[in-house]
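Asks: What follows is the residue order along each chain.
There are 2 protein chains.
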Amino acid sequence: MLPYKSLIKVDRKTSISLHIQVCNTFISLITNGTLKPSDALPGSRILAELIVINRNTVKLAYEELINQGWAESIERKGVFVLARLPIISRTRLPEAGKSNAPQKAFLWTDHFEDALPGKDLQKPTLAIDDGFPDVRLAPVNELMREYRSLFRKVYGKKYLKYGGSRGSEHLRVAICNYLSNTRGLVVSADNILITKGSQMGIYLAAQLLLQPGDPIAVGISNYGSADAAFRYTGANLLRIPVDSRGMNVDHLEKLLKRKKIKAVYIIPHHHFPTTVTMSVERRMKLLNLAKEHRFAIIEDDYDFDFHYDNNPYLPLASIDHNHNVIYIGSISKTFAPALRIGFMVGPAEFIQSASALRDLIDKQGDTLLEEAFAQLFDDGEMERHFRKSLKIYKQRRDLFCQILRADLAKAITFRVPEGGLAVWAEFDKKIDLHRMSEDASKKGLYIDNGDFYKNEAFVTNAMRLGFASLTDNEMIKALGILKKIIC
Amino acid sequence: MLPYKSLIKVDRKTSISLHIQVCNTFISLITNGTLKPSDALPGSRILAELIVINRNTVKLAYEELINQGWAESIERKGVFVLARLPIISRTRLPEAGKSNAPQKAFLWTDHFEDALPGKDLQKPTLAIDDGFPDVRLAPVNELMREYRSLFRKVYGKKYLKYGGSRGSEHLRVAICNYLSNTRGLVVSADNILITKGSQMGIYLAAQLLLQPGDPIAVGISNYGSADAAFRYTGANLLRIPVDSRGMNVDHLEKLLKRKKIKAVYIIPHHHFPTTVTMSVERRMKLLNLAKEHRFAIIEDDYDFDFHYDNNPYLPLASIDHNHNVIYIGSISKTFAPALRIGFMVGPAEFIQSASALRDLIDKQGDTLLEEAFAQLFDDGEMERHFRKSLKIYKQRRDLFCQILRADLAKAITFRVPEGGLAVWAEFDKKIDLHRMSEDASKKGLYIDNGDFYKNEAFVTNAMRLGFASLTDNEMIKALGILKKIIC
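Keeping their order, the protein sequence lines are chains A and B. Residue numbers for the first sequence follow my numbering, so the first one is 1 and each next one is one higher. Residue numbers for the second sequence follow my numbering, so the first one is 1 and each next one is one higher.
Any given hint might turn out to be false.
It does not matter which identical chain is used: a pair holds within one copy or between any two.
Said to hold, decoys possible - Here are the simulated DSBU-like cross-link-like pairs (lysine-lysine), alpha carbons at most 35 Å apart as the crow flies:
id : residue 1 : residue 2
1  : K158      : K388
2  : K285      : K59
3  : K9        : K394
4  : K285      : K36
5  : K13       : K36
6  : K77       : K442
7  : K36       : K59
8  : K410      : K429
9  : K158      : K484
Hints in this document: simulated from the structure, not taken from any laboratory.
Take the sequences, apply the hints, and build the full model.
Replies: As C-alpha cells, this is what we get:
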C-alpha cells in the first residue's frame, strides 16, 4: 500500500469540505501516475484510521471519485482506479549534459519573443515620464458620486448587464457635443465607437485597413506603439520625413506617384515624439491627396485638450468633407491613464466594422465607467476639470522649461512645446541615455533610456520629458538630480 | 462681399470665446470652398458692424487665422486667405438616375460587412437570455467600499496611472489562491494574464496560435464568438462531434492520423451551447493526444463556479503535467457582465507573448477595478458572493426546470443541466423560433431566435434558456408568455 499517511493531507481550516480534499488528492495521485488504472484504493476503514478522519468522509470521497469517472466499485472487492482510464504520459526531463531548456509543449507565433514586459509606472515615486497627466488632479470624488448615483437609481444595475460593443449611447452623444464644441467636428452617435484609450482605436483601424504587405505611410519619427500595431498586421511601413511643420506631405506626394498606399498615420496636433504641429497648408494638401488616391488618414489626436499658447488647430477630421479621416481621441490622457476611455470617429459603415471586430476582442467596454463619464460631461464637470488641468499644466510647462534653460542648457536643447504634456529634449551626444537612466535610478529618480523613441529609421540621442505629472517641488527635485548626473 | 451677416453666427452662451467662434467660421468658409486662396477678408470695422461684435474681437480672430496659417496680412492692403493654400477638392454628388450609394472614400476589410450590431441587453425589462448572471445579486456596495478605500489611502491614486499589460499583481496573486483552492490548479502570478472577460483570452490565444490556413479542432456545436475569433485569423475550423460525454476524442484521434492541428478548443465543464460535461476518460485521452501531437488545448471554463449537483470536475489544466493547456476563465460571468475581468493561465512564456499582444490592443486593463476585485477576494467577499449566488441559482434552475416540465413539455425537450446558467431546450420542429421571438417581443418578453447557436455544421431547432437572471415571479411570467405562444 502507498504511504497514504504522508500522501493525503487534509486542512480543516479552509472552506473546502474534507471529502473533496481527499477526492482531489486521489485525482492527483491518479493523474501523476502514482496510482495506475485497475489499482485498488485502500478500504475506507483503513484509510480513515491512517489519516485520522471519519470513515463516512472517506466513503463520500470514493463516491465522488466514482461519480466523476475516476474510479469504479467492484462488488465484494472494493474500489479501483477505472481500468480503462488512459494513463497520462509525461515529458521526460532532459538528460544531464543536454540542453536544459525544455521543448515547448506547443508552438505559437514568434512575433513577441523579444517583447519586454509592459511598463508598470505605479511604483516609482519620483519619475520624469513620457508625458502623462497628473492623476492627483483627477476629479475622483465627482466620479465616485456618479457611480453612487448610478446605483441608487431604480434601474441603475442595468449598467452591469451586457451592453453593445459600440459603447454607451449616452457617452457617444456626450462626446458628439464635446467634439462639436471644442473642435467644430459635427458627427452623430453612429460615427462614434467608444474604445479603451486611443491604442485600441489604432489597433482596430490597423486591423481593418491593412493586410500583409499593404503599404502605410508613417513619420520617420513616430509613436512606437502605433508602429507596432501596424507591423503586427504584416503591413509595410513607409517612412516619411517630419520637420518643424509636421509630416512632409510633398514627400508623400512623390511617393504616391509610384506606389499605392492604404493609409497614412499622423499625429498632426503635437507629433509624437517631437511635439511639432502640422501646418495648415500640409493638412489641406494631405486631405486632397487622400481623396485623389483613396487612402485613409488615421488622425491620432490623443492630446487635443492640452494646447497652451494660441487656440488649438482644428483637427483634419473637422475639415474632411470627403470622409477620408478616421479620428482617434482619448479621455484617459485627460482624466487618468488607468480609466481607459477613448473614441474613434469615422464613416458610419467603418465604425460598424470596427464595432464588430471589437466584439471579437472583448465584447464591450466598461459600461459603468462610460455612463459615469457621460454624466460628468453632462454636469460640466469634465470641462471644469479640463480647464483646471490646462491652467496647471501651462504653469508646469513654463517652470519646467525655465529650469531646463537655466540649469541644463549645457546638456539639453529643446523648443518650448505649444501643447501636450512633454518637452522633446535633445541631449548632448556625449551623454549616454542608458547610463543616465541607471544613474538616476540609483538616486531615486525614474527616467527612461530613450529606446522607445528610436526605430530602424530614426536614431537620436533625444527623449520626451514629461512635465505635467510633476508639482513644482517634484520638478525642482527631479531636474536637480538630472543636473547632477549630466551637467 | 459675401453675406457675412448670415454666414457668421456667434453664440454668447457657450464657453468658447467669440473670437474663436469667428475664426472657426472663417476656417469652415475656407475649407468648404466659399472663400478661396487670395480672397480678401472684410475689413475689421466693417465686419464688426455687420455681425454686431467688438472690433477687437474681429482683430483677434484674424490674428488667430494668421497664426494658424489660414490667412496672411499684406501691408496696407488687408488680410487675405493664404495664396498658396491648397483648395480642398470635393466629391461630386452622384448624378440623378445613377446609384445613390456614394463610393467609399477608402477601402477596408470586408470581414465584417454582414455583422449585426452587438446586442445591447440593458433595455428589455423581462428577458430569457443566453445564461447571464443576475446583476441584482452583485455586491455593489462592497465594491464601492473598496473603491472608496483605495482612494483614501495615501498612495491610492497611483492606481490611476499606467499599470502593466499583464494586469494588477495583487489580483493575479488573489486569482492564484482562488484557482488553487477551488480547482487544485497550482500556478504562480507569472502564469496569469488578467483579461477583459473570457472573450479577450480566446482572441489572444487565437491570434498567437493560428496563422491563415492553420487547422483548429472545435465542436460541431460550439460557442459562436469563439468560432468567430478563430475564423478571423484565417484558420481552418475542423468540426468534431460532441455527444453526452463532451467532444468525441476518438474522432479527433482518427483525424490526427491524417492531419496536424495547432489547437483544440473545448468547453469541457459545461459545453456551449448544449451544457454537457466532458468525461474524465476523454479528458485524459485528450491530454495524451496533445502531448503526442504537440497541439495546444484552449480550455474555456467560463462558468466553473456554477455547478449544482456533485462537486465540479477539476479542469484539464489542473491535471496537465505537460503544459499543453491554455486555461481561460472569467469573473464577469460570476459578478456582473459589464465589469469585465477574466484571466488566462498558461506557460509563463506564452503569457508573456499574450501580454505583449495585449499591450498593442489596449495597453492594460482597468487597474482600479482589478485592485478592488483583488481586495474583494482577500476579504472573502468574492467567495461569499459566489456561495450565495450558487445557492440562489440552484433554486432557480430547479424551479425553471419544474415549470418547463409541467407547462411546456409538449413543445420543449431538455435535460436538467448539472451546472451553468442555462437549459439547452430542443423545440418541437413545428415551432418557428424566429416567429416565436417576434411574438414574444410583442407580449413584452425578449427571447432570442436561436440563430446564434447554429453554424455551417450544426442546424437545430434548439436554444439556450437562461434561468439565472430571473426571480421566481419573473420566471413564472416569462415562461407563461412562452407557453401561450408555443403550446
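Asks: Next, verify each hint and record whether it holds.
Replies: Here is what the structure says about each hint:
| no. | hint | verdict |
| --- | --- | --- |
| 1 | K158 to K388 | both (33 Å within a copy, 20 Å between copies) |
| 2 | K285 to K59 | between (81 Å within a copy, 27 Å between copies) |
| 3 | K9 to K394 | between (64 Å within a copy, 31 Å between copies) |
| 4 | K285 to K36 | between (75 Å within a copy, 14 Å between copies) |
| 5 | K13 to K36 | within (31 Å within a copy, 82 Å between copies) |
| 6 | K77 to K442 | neither (70 Å within a copy, 62 Å between copies) |
| 7 | K36 to K59 | within (20 Å within a copy, 91 Å between copies) |
| 8 | K410 to K429 | within (11 Å within a copy, 84 Å between copies) |
| 9 | K158 to K484 | between (56 Å within a copy, 28 Å between copies) |
Going through the hint list in order, the structure does not satisfy hint 6, though it satisfies all others.
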